[in-house]
Every structure is written in structure tokens, then in C-alpha cells.
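Position chain B against the provided structure of chain A, taking the given hints into account.
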Amino acid sequence: MSWLVPLPVLLPLAGAGLTLVLSRRPGLQRAVSTSVLTAVVVIAATLVYATDRDGPQVLWIGAWKVPLGISLVADRLSALMLLVSAVVTLAVLLYSVGQGMTGDESETPLTIYHPTFLVLAAGVSNAFLAGDLFNLFVSFEMLLFASYVLLTLGGTSARIRAGTIYVIVNLLSSSLFLISLAAVYAATGSLNLAQLAGRLDDLPPSVSLVLQLLLLTTFAIKAAVFPLSFWLPDSYPTAPAPVTAVFAGLLTKVGVYAIMRTQTLLFPDRPLTDLLLAAALLTMLVGILGAVAQTDIKRMLSFTLVSHIGYMVLGIGLATVAGFTGAIFYVVHHITIQSTLFLVLGLVERRGGSTSLLKLGGLARLAPVLGVLYFVPAMNLAGIPPMSGFLGKVALTDGAIRVGTPLAYALVAAGMLTSLLTLYAVAKSWNLAFWRTPEQAHEMARALSGLDGDGPAGTEVVVHRDHVHVGTSSVGIGERDEARRILDDDEGTDQDLHQLTSQGLLPNRLPRTMVGATSGLVLCSLALTVVAGPVLGYADRAARDLTDRETYVSVVLPGETP
Amino acid sequence: MSANVALILAASAMIGCGIYLLLERSLTRVLVGLVMMSNGVNVLFLVASGPAGRAPIVGRNDPSEMSDPLPQALVLTAIVISLATSAFVLAMAYRSWQLTGHDDVQDDVEDRTIRRLAETDQASDSFDLSSGAAEEDFELPEEEGSRG
Numbered sequence: 001m002s003w004l005v006p007l008p009v010l011l012p013l014a015g016a017g018l019t020l021v022l023s024r025r026p027g028l029q030r031a032v033s034t035s036v037l038t039a040v041v042v043i044a045a046t047l048v049y050a051t052d053r054d055g056p057q058v059l060w061i062g063a064w065k066v067p068l069g070i071s072l073v074a075d076r077l078s079a080l081m082l083l084v085s086a087v088v089t090l091a092v093l094l095y096s097v098g099q100g101m102t103g104d105e106s107e108t109p110l111t112i113y114h115p116t117f118l119v120l121a122a123g124v125s126n127a128f129l130a131g132d133l134f135n136l137f138v139s140f141e142m143l144l145f146a147s148y149v150l151l152t153l154g155g156t157s158a159r160i161r162a163g164t165i166y167v168i169v170n171l172l173s174s175s176l177f178l179i180s181l182a183a184v185y186a187a188t189g190s191l192n193l194a195q196l197a198g199r200l201d202d203l204p205p206s207v208s209l210v211l212q213l214l215l216l217t218t219f220a221i222k223a224a225v226f227p228l229s230f231w232l233p234d235s236y237p238t239a240p241a242p243v244t245a246v247f248a249g250l251l252t253k254v255g256v257y258a259i260m261r262t263q264t265l266l267f268p269d270r271p272l273t274d275l276l277l278a279a280a281l282l283t284m285l286v287g288i289l290g291a292v293a294q295t296d297i298k299r300m301l302s303f304t305l306v307s308h309i310g311y312m313v314l315g316i317g318l319a320t321v322a323g324f325t326g327a328i329f330y331v332v333h334h335i336t337i338q339s340t341l342f343l344v345l346g347l348v349e350r351r352g353g354s355t356s357l358l359k360l361g362g363l364a365r366l367a368p369v370l371g372v373l374y375f376v377p378a379m380n381l382a383g384i385p386p387m388s389g390f391l392g393k394v395a396l397t398d399g400a401i402r403v404g405t406p407l408a409y410a411l412v413a414a415g416m417l418t419s420l421l422t423l424y425a426v427a428k429s430w431n432l433a434f435w436r437t438p439e440q441a442h443e444m445a446r447a448l449s450g451l452d453g454d455g456p457a458g459t460e461v462v463v464h465r466d467h468v469h470v471g472t473s474s475v476g477i478g479e480r481d482e483a484r485r486i487l488d489d490d491e492g493t494d495q496d497l498h499q500l501t502s503q504g505l506l507p508n509r510l511p512r513t514m515v516g517a518t519s520g521l522v523l524c525s526l527a528l529t530v531v532a533g534p535v536l537g538y539a540d541r542a543a544r545d546l547t548d549r550e551t552y553v554s555v556v557l558p559g560e561t562p
Numbered sequence: 563m564s565a566n567v568a569l570i571l572a573a574s575a576m577i578g579c580g581i582y583l584l585l586e587r588s589l590t591r592v593l594v595g596l597v598m599m600s601n602g603v604n605v606l607f608l609v610a611s612g613p614a615g616r617a618p619i620v621g622r623n624d625p626s627e628m629s630d631p632l633p634q635a636l637v638l639t640a641i642v643i644s645l646a647t648s649a650f651v652l653a654m655a656y657r658s659w660q661l662t663g664h665d666d667v668q669d670d671v672e673d674r675t676i677r678r679l680a681e682t683d684q685a686s687d688s689f690d691l692s693s694g695a696a697e698e699d700f701e702l703p704e705e706e707g708s709r710g
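Each protein sequence line maps, in turn, to chains A and B.
Number 276 in the numbering used here belongs to position 276 of the first sequence; there are no gaps in the numbering.
If you want the numbering used here, it's the position in the second sequence, counting the first as 1, plus 562.
Be aware that a few hints might be false.
Stated by the list, open to error - Heads up, incomplete: computed chain A residues facing chain B, CB under 10 angstroms, no partners named:
1) Thr156
2) Thr164
3) Ile168
4) Leu172
Hints are computed from structural coordinates only; laboratory data are not their basis.
Remember, predicted model here, so these are calculated numbers, not experimental data.
Glycine is no exception: its CB is placed at the ideal position from the N, C-alpha and C atoms.
Next comes chain A alone, as it looks inside the complex (with noise of 0.2 angstroms):
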């Protein structure tokens, strides 16, 4: 089955070479981007069972003698990233597909989009099946190059914004990455994973901890994991609702799966447990308080998105079988439902007109089937019984008791508020967004654009060190003119729901493509809840994979033992 290995990867880029051939022809184009990634899908499914039935798969390309060209290795925890990823990629595909037919053309010029995301498509399956050092960076360099082009589509002022700074900071990490990749380099002669796990432990300790270190700090800015995690929330939210999406889904989880197999295969005598376990820690509790605090659901949910990451670090940090297991269903659980989130955005965004808290009101009413397709990923991420999102949790939080330290206990009462936190703040989003009237956003917009006296319906608003309270709610001053924004606009680009659809100036449909794909990936998330134990039983067997490096090692390197 060795010769499926390297088809994720080839399928995109020769997919991608014709779209950009095809450009002027669109429907060719999304014909053929489709059956790719569809094709990807399937293969994706057929390398989880070969990796199961069989063992890891390998693929030295060029048939180079063993140690001396490229290898693409797949095993359970490969096939599995590569099954998740390329569901979610399809779902994203036919998700934009629906919406270029019925407009933005200007936002999401239909001529690069298809290449560019196969591009993107071709890389992270490549980061996952990637058997040595350099082919990741350079699987890197794919996705983030076709991240760039897809953050910045149109080159609008706020897109450009953003797009820089997330550009800057992933240029930097990329010469991170080339520095330690010199570095190993010149410690092993190898950067081949499977030779470099045999040689990492000849060296003294203090060099291999300035490897470990290096390539932590790398992959810790492509996952956003705490300190290094700022970039994301600022940059994700402006991309358009797919793009978002595929971001969201796919990106950091490239970082995550990197940390967890480099932590496992060329370090697995160091963990570094109470380094990863108190980032983990921060990133989670840092994360949620900065979800908490904000009044626009993307840019919610991107904090939300930091925050979760520090779920799959804490798997890996305890370096545990039970750990491992953990962080990956948490992982296959994220990704479906970060991706979904998304997409909902974007279809809020188009029914709703934006996906500011201050401008949304009644979208359950206006749109019941958007309040379902919302209503169920959010509960699924903040953990609610028996949805997937808890399952991963209880994973994860069985993990931390079984290694039973404080640090390890600190975290689970970390990851209970977190998940807590995570409950509030979808809750907000669906309280403001879906359950209040749209007068009733509109009487609030009117009372916080004013100064003090009586809100809606004899509420009190008082303004007080930088914070509006209107009754028992407090929103930013900053909000504030938004509202105002939002009264005194007469064009149309700053108004609320109430006045948008008061004007009649909204679709009243939402385009059956995007609905169907959305909901797709919905079924999916709750499909996960069900094969849940399966799920757990796979992962379980993958993390088994990973401690076990020997079986790695000679299935890459016949003859040799680490």
C-alpha cells in the first residue's frame, strides 16, 4: 500500500498546476479541485486502514539507496491527521464554492482561490507525512505561502493590516526553523527523522536540550501555544469565512502534530513536563479570559481557538499513553469543530450582515437552521455531555490523574474552568446573536450611543472607568462608538440587523452549497460523538506509535535500531 503514500500530496499539486491552467474556466476549475480533494479523502480513509492492519507505511521517493533521499512515512497518526484534515478541506471547498457562485467575487478573486487552496491542501498533507526534517519545513513553507495569498485575497486595508503582521511573525519562525534545522545538522550529519532518533541521544545532553528548545520555540509559534500565540487572533478574523475556517482547522494543528512528534521520536527521555504542562496552563487560561472579553463572535472564537490548543499541549506535556491518546482524539475533535464554528460565521455573516455582537439579534427566528448549525458545534466545544468535545476532555483529564502531580492536578481544575469559560462565552454569543429580538440590539446600540439615563425597558446606563452598564451588562467604552458607528450610518455598510432587515437589504436565503457543507461537517462532529470509542481506540493504538520508537525506526531504516 506504500505507493498511496505520497498521492496526498501529488494529487493537490497537479490539481493546483490545473486550475491555474483552467483559470478561465470555472466550473472546470471547481470540477477538478472537488474531485481532488474527494479523491484525497478517499485515500486518506484507505491509508488509516492499511496503517492499522499493517503498520507504518513508508515511501522513499526516487529509490534512492535507504538512507539517502527523501521518505514519506504514514503511520496511524499520520493517516489519521491526514483522513481529519483532508474531510475538512473538502467540506471548506464545496462551502466556498457555494459562495463565489452568488457573489464576493471581489473579496475572493475565483481565478487564484482554487490553486492557491490546493497549494495550502498539498502542504499540510505533506507536514503530516513528511519522514524528515527538511521536507516539513519545506511542507511549511507550502501552507504558509498559500496562507499568505489567502489571508491577503483582495488586499483590502484591514486584510493588509493583518496579513502583515501574521506574515512577519511567520517569517521569523521559519528562519527559527532554519537555524535549528543548521544546527541539527551540524550536530548529527542527518535530518532525517528515523537516523536522527538513533543519533539525538549520543550527544550531551546540554546540545540535544538547545535542539529540543529550538524546535519547541518554532513549532510552539506555528501551534500558538502562550507566549508565542498573540498573532492568531489578530490576523485570523479578517480572512474571509473559509478561509478562517481552513486556518483555524488546520494550521496550528500542523504545529501541535509537529511538537507531538518531534517530543516522542527524538526526544522521548526528555518531555520537558512541567515546561509544556505550565504553558499549556497559560495558554488555556490566557486564551478563554481574552474570549471572554470580546463583543465579535470570530474574534471569539479565534481566542477560543488559542485557548483549546493548550488541551492538546497538556496531552502532550504528561507524555503519557493515556496523554497521548487524549491530545489526539482532542486534536480530530478540534479541527472538525473549529472549522465548523467558522463556516457558521460566514454564513451568520451573510444572513446577519456582520458578526458583531452589538449589530445581531433574533438570528434563531430569522434563520432557525443557522441557530441549530451554530448551536451544536458551540456546545460541542465548550464540552457539553455527550458530545465529542467532552469525551476529549474526560481523555485528557484521566490522562492528568493518572500522572496524579500537583502541576498535573493544577491543570485538570485548569481545564474544567476553562471549559467553563468556554460555556459562558458561547453562551453570550448565542444569547445576544440568536435569542434577544433585533429591536431589542437596536435599544441597546441606542442606549450605550448615548450617555447616561434609561436604557431598554427601564434599565439604568451608567458610564464608569472605560466600561458601559447597561442593567446588568457591561460592554468596553470602545463599543460605544461602534454604536454610534452603527446610529448614524445612513449607507448601509455600519447597520445593525434591525435596520438591515427593516431596509430589506438582506438575502433571505442562504445558498444551498454552504448550508449543505456546513451542515456536512455538523454531521461529521456529531458522527465523531458516536464512532467516539473506536476514535479513542485508534488513538490509543497511534499513541502506543509513538512511544514505541523502535517500530518506527526499522520500518523507516531496515537493519537499524535506535
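Just chain B now, with coordinates in the frame of chain A:
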């Protein structure tokens, strides 16, 4: 392995200057910083490849005298990638200049909020519950306006 000190010094000087420029506001200087830094990193790969030798071409030189070809291949890849990124950042700087008249890297939304909070604390020391008059004196710079 004996390392070439001159190469290490050159690499560290270039990376140091690159990082200094990276901390500037103007995107053009940031770009120059990135280019310097990536060249510094490429020099690091020369250090990693060990002592210099003859060209690694099979048949022309004795394999024992050849220098290690792999880092050279890696550097070539890195050069290609940094060329492409430079082009992209330049295009972005030009677009930023088209849109705003300058190419400064702008603060993100949270930074602006925090800066505003700091400013209000300076302006109003008292726990003023009566009105928001003090806060009305300044406005956020308009940096959004992507819609419409």
C-alpha cells in the same frame, strides 16, 4: 568537528542586524531585516557543512576531498523560498503604501484598546461616575473600513 569562526561571526552579525531591522515600524526595513537574516542563516548552513572541500561532482574530484553537498542543496532551497517571500512582502508593502500612504506595520486591535485604556487612566484619575466627558475627547484612529 572544527568550525570556522569567521563564518560564525559573519552569520551572527547578519542575524543580529536582521533582528534589529525586524523591530522597526516600516515594512521596507523589516523586509531588509528579513533578507539579512535569511542570508545569515544560509551562512550558518555553511558552518554546519563542515570544512570546505572541492566541488561535490562525482567523477571530477576524489570523494574524500569533496565538501558536503547536502547543506548546499538545503541552502539553495532556502534561497528560493526567501526570494519568493521577499517578493510577496514587497508587494504587500506597496499595497499598504497605496492604501494608507505609508508602509508602517500597524498595531493590532487589542494593542489599540490597551493603549486607549492607558491614556484614559492618565486623563482621569478620579472615579468619575457621572459622565463620560473625559473619554469623549479622543477617538480611535480609523483603521478599519474594509467593508463597502
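Hints, verified against the model:
no.: 1; hint: Thr156; in the structure: holds (4 angstroms)
no.: 2; hint: Thr164; in the structure: holds (5 angstroms)
no.: 3; hint: Ile168; in the structure: holds (6 angstroms)
no.: 4; hint: Leu172; in the structure: holds (7 angstroms)
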